[in-house]
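K.L.:
These protein sequence lines are chains A and B, in that order.
For the first sequence, the numbering used here gives the first residue as 1, with consecutive numbering after it.
For the second sequence, the numbering used here gives the first residue as 1, with consecutive numbering after it.
Derived from the structure by calculation, the hints contain no laboratory data.
By construction, the Cβ of each residue, glycine as well, lies at the ideal position given by its N, Cα and C atoms.
Incorrect hints may appear among the rest.
[Unchecked claim] Which residues of chain B face chain A? A partial, calculated answer using Cβ under 8 angstroms:
1. 111
2. 167
3. 170
4. 173
5. 207
6. 209
[To be verified] Straight-line Cα separation of at most 30 angstroms, DSS-like style, residue types lysine-lysine; simulated pairs:
7. B:366 with B:107
8. B:92 with B:107
9. B:92 with A:92
10. A:371 with B:92
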Amino acid sequence: MHRRPKQMLWIVAWLVAGGSALAQSNDLAPSLDVLRNVGREGAGNRQASAAWSQLMSYADADQLPTILAAMDEANPLAVNWLRAAVDAVAEKHVQNGGTLPTDALESFLEDKRHDPRARRLAYEWIARTDPSAPDRLIPQMLDDPSIELRRDAVARVIAEAEQAASDEQPAAALAAYRKALGAARDLDQVKLVAEALAKLDQPVDLNHHFGFVENWRLVGPFSNVGGIGFDTAYPPEKRVDFSAEYTGSDGPLRWIEHHTDDPAGHVDLNKALGKHMGAVAYAAVEFHSARRQPAELRLGSPNAIKIWLNGQLLATAQAYHANNVMDQYVGRGELVEGRNLILLKICQNEQTEDWAQDWKFQFRVCDALGKAILDVNRAPPNVARNKPNDKPATE
Amino acid sequence: MRQVKPLRNQRRSIVLALTALTIAWLATPSALADWPQFRGPQSNSVATGQQPPATWSESENIAWRADLPGRGPSSPIVVGDRVIVTSSSGVKQNRLHVLCFDADSGKQLWHRQFWATGRTLSHPSSANAAPTPASDGQLIFAFYSSNDLICLDLEGNLKWLRGLAYDFPHAGNDVGMSSSPIVIGNVVVAQVECQGDSFVTGVDKQTGEPLWRIERPHEASWASPVVAGGAKDQDAFVLLQSPSQLTAHDPVSGQLLWSYDESCDGISSSVSLDGVIYAASQGTTALRPKSGGPVDVLWNESRLKPGAASMLIADGRIYQINRAGVLSCAQATDGKILWRTRLEGEFWGTPILVGNRLYAISQDGKGQVVEISADGSEGKVIGTSQLEGTFQCSPAVADGALYVRSDNHLWKIAAP
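Pulled out of the complex, with its shape left as it was, chain B reads as follows (with noise of 0.2 angstroms):
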């Protein structure tokens, strides 16, 4: 027979369990998955928490410099104590890396090979290495231009890897392709649309099995796709961005939920924030899903139309960069333009927001940082920043740093 504890022992018991329980959820990677993919954990590009410095320079402000073996378009991310990047090298671009190094002291702490199996041609201007990696707290899934698939765990150590354009030698575009992984529930998208074999896939993120796969219209896109829908799993959809449309799907069996056929951007991508999705098309276009049925457009603005960086939205208000390098912020309920300033230079990578700081590192190196004011009506640069080399990445941004990464180094840009 089974014997029954007093309460106050199984008061103990259970408080002692959910102790442990704590302590083990806040020591697995995935509680401190702090930017796990590209435009960080909510694809929002917006971070809470201690803020970066407003400047820095090589001897201010930098807690460490790291080289990298190879040039990439892709942003570092920051998983617990590991900052992932990736890169690529070689006179043809075929050699794909995937380095990790420690978030404190910036000491490499393993370093993996690959050779490309699929097309690695690409503009001069971009790379093989142009997605960013994503995490979902305890495997990396590193994603390159060749369409290469590589999942790793935070030690290193291989569990899996796809040619997908080893298994569809007509995908790929040799201008290059950029768009980044993500990763909901078991399953890792990877959106390869191009001119030849254009599809979507999702694999089994354990072990790289395809789950699906869905064609796509036979054009070049170079955006993202974006998880969006509501705050439980269940209810989460994957948004995918053509030229000539934005659609929605079933993360688990990749079927199509709606459509919006209309022009879209085909680099910068969308963002999902409360059940509105905030389309890159026609300027940017506010999108409300309904069930069963096609979309309500809450409003256009053909007025913000993006550049090669994506929008990001926080406070209801939404910041986009166009390819002049003007910084617009916009009422996020109807669109309404509320300023604008130019920042200097071409921006390739997405701004982030932490606080009420946007940080904008243009594609020459120089770091931006707009201070937003309380009411959000007006936007002022309060500190201007160098750093040698060719920018393309967004940066990352975990516990008051920023992570960024040239065609040769990643620092990590903290306070001291």
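Here chain A stands alone, though its shape is the one from the complex (with noise of 0.2 angstroms):
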């Protein structure tokens, strides 16, 4: 069995990490493959325990890239422990006085083959002891896979278009504004900057710079009464056939085609099926990639949903009501070249409340940082839409 390269990176780093800290990495090596061997419900605690424990006896400041490498395509859980160690390693050396590895640290931080959060964990610890740090390194990190690190880069330079505009130098604001939208994944970033370009006169379409998705098929409503739509298979699961009529909860029903304007691409299934509760609905798009890619299905609903992509499901959520935010749940799965079919299941249950009426979606697909990935039919962006005085794209 072949071992995928990020785990090969950190059995490479381990061994060289720290330069004379060959030999004491050879010690930390056992300890690490505790750590990294952690699971599911308490699974490898006792011995993570213990391991912990040694590797605090004998690890020190040189051998933290070494610790930090294991996190490569290590478990969440086994992310933490190694976090942990990290953070007590580096806490104890510079609470004695001792200067961190700033080097090897930065070398670990400018290989962006390791894993984005250690790699963070990296930089938090040479800004510590650096108060260089900052300045010398983030600049460099606007297009980072860490999301935390890309997100410092962007705000730097929103700061310097803030300050341009100020200034009066709209040419200067405007290319830095531009620049940090394209770089921004953050929601409170983009929005923040496309309202700044709308009052630069330069408004951002930003269902289009999220890819929300708009034109929609949609059927419904079958029965959710009781909640046992969330989990009854109706006929659109089985096989979606734009052409077919199905028996729903008042009657027959036929597929029908659904444009959304709104500003954060909601889809309102109120006003586009009528209102109902105890309903289920499905939503239907034919989604053409340009490749075949990791994609990532975003959905922000109040109700309960099931997402799937190419007949595979890729994510479900029986929840009513609890929050409605973007990008609120994540499919993770592979586009095909060319045609795909994504199919959503959105389930309203019969609450009385008022807060409780919302039978509704929002949903793009993107990368895993977050950037849209555009079906390559979509149409260019409509600036006309987000003028200054529009709502931009919320939640």
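Grab the two chains, each in its own frame, and use the hints to assemble them into the complex.
P.N.:
Next comes the structure, spelled out in structure tokens:
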């Protein structure tokens, strides 16, 4: 069986990190292996606890890159064991007046093959002891795979743009805002930049920017009385046939085409299909991908949901009216080149409170960092709908 | 042949041994675990001993103030000479912090961070660090809305961790979860009640390994488990509160002991004292468990309806703040309301009682100290104070000091 490249990377890093600490690195390996092998439901905790204590007894600051590298391809629980080890070793070293191996940590940071969170952690320890680190390192992180490093870099560019605007240099401000918009992945930063660009008479089509799908085929309602619909596989789940006629809870049903102009890409099913309680709706879209690629299918909804990609169930959530935010649910899958069929199931329950009447969703396809993957046939941005006085896209 | 010591020497040895044991006991953190969990050692929000000052400000009666790296409705706990607090940070609230401060100086002793393994969304008014950590005096059990359960010792050494939503991926509530864990014997009890994977689990406090897990109603609950029952450990049981029921369980096995199937508050937790359970149910309902059978309902008072804050009980009286900020005092024997007084502000944190003073901190940082008359017939606000920030914690109290935290800071309020 072949090891994956990142797994090899941490082993190589373990061998080379620290230079003269090679022998010591070898000593860390058994403990790190134990920490990497923790699993679900407490599996491996006993061994990990002993290994962690052992690690604390002999690991020194020069070996921080080795521990950081062990995070590559580790499961989330193991990553936390390792992170705690990094923090404990570094904290103790600094409290005792020691200096951290910043050159080795910077080398680790610069190697983007490492786990993004491990790289961010390396940066934070560098910055703790080197006040020049943010100015030296962050400006190069505008396209970083670490969402937190990228965010810091974007924040600096936004600050530059704001300064330029304040200095009445609109061209420089515009260029900086554009640069920030291209790199930003967090909603708050994108909104801030879009609002600033709108004030500079350069509105942004945020639906296009985020990749919210606007054109759907919808069918419903099927019954969800008593919550039965969530686990009931109605005909669209078995086969999507846009010409088919189904028997719904209120009579015969056919797919209808629906376009949303909502500034945040929401599809309001109460408007599209009529107000129903205890109801199931399906939404489908043929999504054309330029190439085969991994993708995240992200859905926001106050209703219970399911997400399928090309017949494969990627995500489910049986929760009603417990928040409704952008990217609330994430299904991870792979788009094929050309046509892909995306199917959503949106279930409304029978709560009577005013705040429980919404039956809606917002959906997009993006990469792992949140950059939109657009249907190759999607129309170009429509900036006219995001003039300065328009409500910008929000959750 | 064993040599028999003279009686006098034996006595001296016994005295020396007892002295050594006493010193050792006093030196152990458990002996100094002053405020080890949500609502204090008895989960009734009552402390004895020296009273904290009645007023404070940034320039008055503040022993120290420490910065916090993130937000959190969670409350500080005090274990010996250490104050422990959790917070969460990051755009997605996915960074989990556990911080330990020296109680005397406010110096940060250590800081551990973790990444959430479960869902981190919450209502804007809450945060991932909503549950209050618990301690048995030697270990700290930090819990988060993302259902990450982390055990550290008092030096910040990681002992074990669990991702309960990593184990059960549909465990979570995007409004946020806030149930605080408890420690009973060798078991840490974590309540994870939501519309998805809804359960309560008891885990081995030394290893984090699961001892039991019981299914719970698929409905959101923000209430915290309570240790109830007799004074002896073997008589203790765990109370679990859901919107549709209050149940009692054996802490070792999780086995259901009895169930009270009436609607309960989804946020405000119940209290147990001297064999009576004061349930946040249909207002307030006093219950007395019977061995081998259902509970007896002693009384119900629908006008004693708690807000988000939980009730507290001491000296035969119940104190409770409702959603309108009205503090009520009622007789514990029959629920008769003795008096009411309106406090200023909205309260998420549960007030505490130290002697005859009740300390309440509103969400906007207004501290109000109510003095209870000797016969309990009257409550009067004797001090009003203001700190800046958002406060959702319940205060911790130890050695005449009050510990409160906002989204940004942790304060020790104490007379100089």
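K.L.:
Give a verdict on every hint.
P.N.:
Right, here's what the structure says about each hint:
no., hint, in the structure
1, 111, "7 angstroms, holds"
2, 167, "5 angstroms, holds"
3, 170, "7 angstroms, holds"
4, 173, "6 angstroms, holds"
5, 207, "5 angstroms, holds"
6, 209, "4 angstroms, holds"
7, B:366 with B:107, "25 angstroms, holds"
8, B:92 with B:107, "28 angstroms, holds"
9, B:92 with A:92, "29 angstroms, holds"
10, A:371 with B:92, "17 angstroms, holds"
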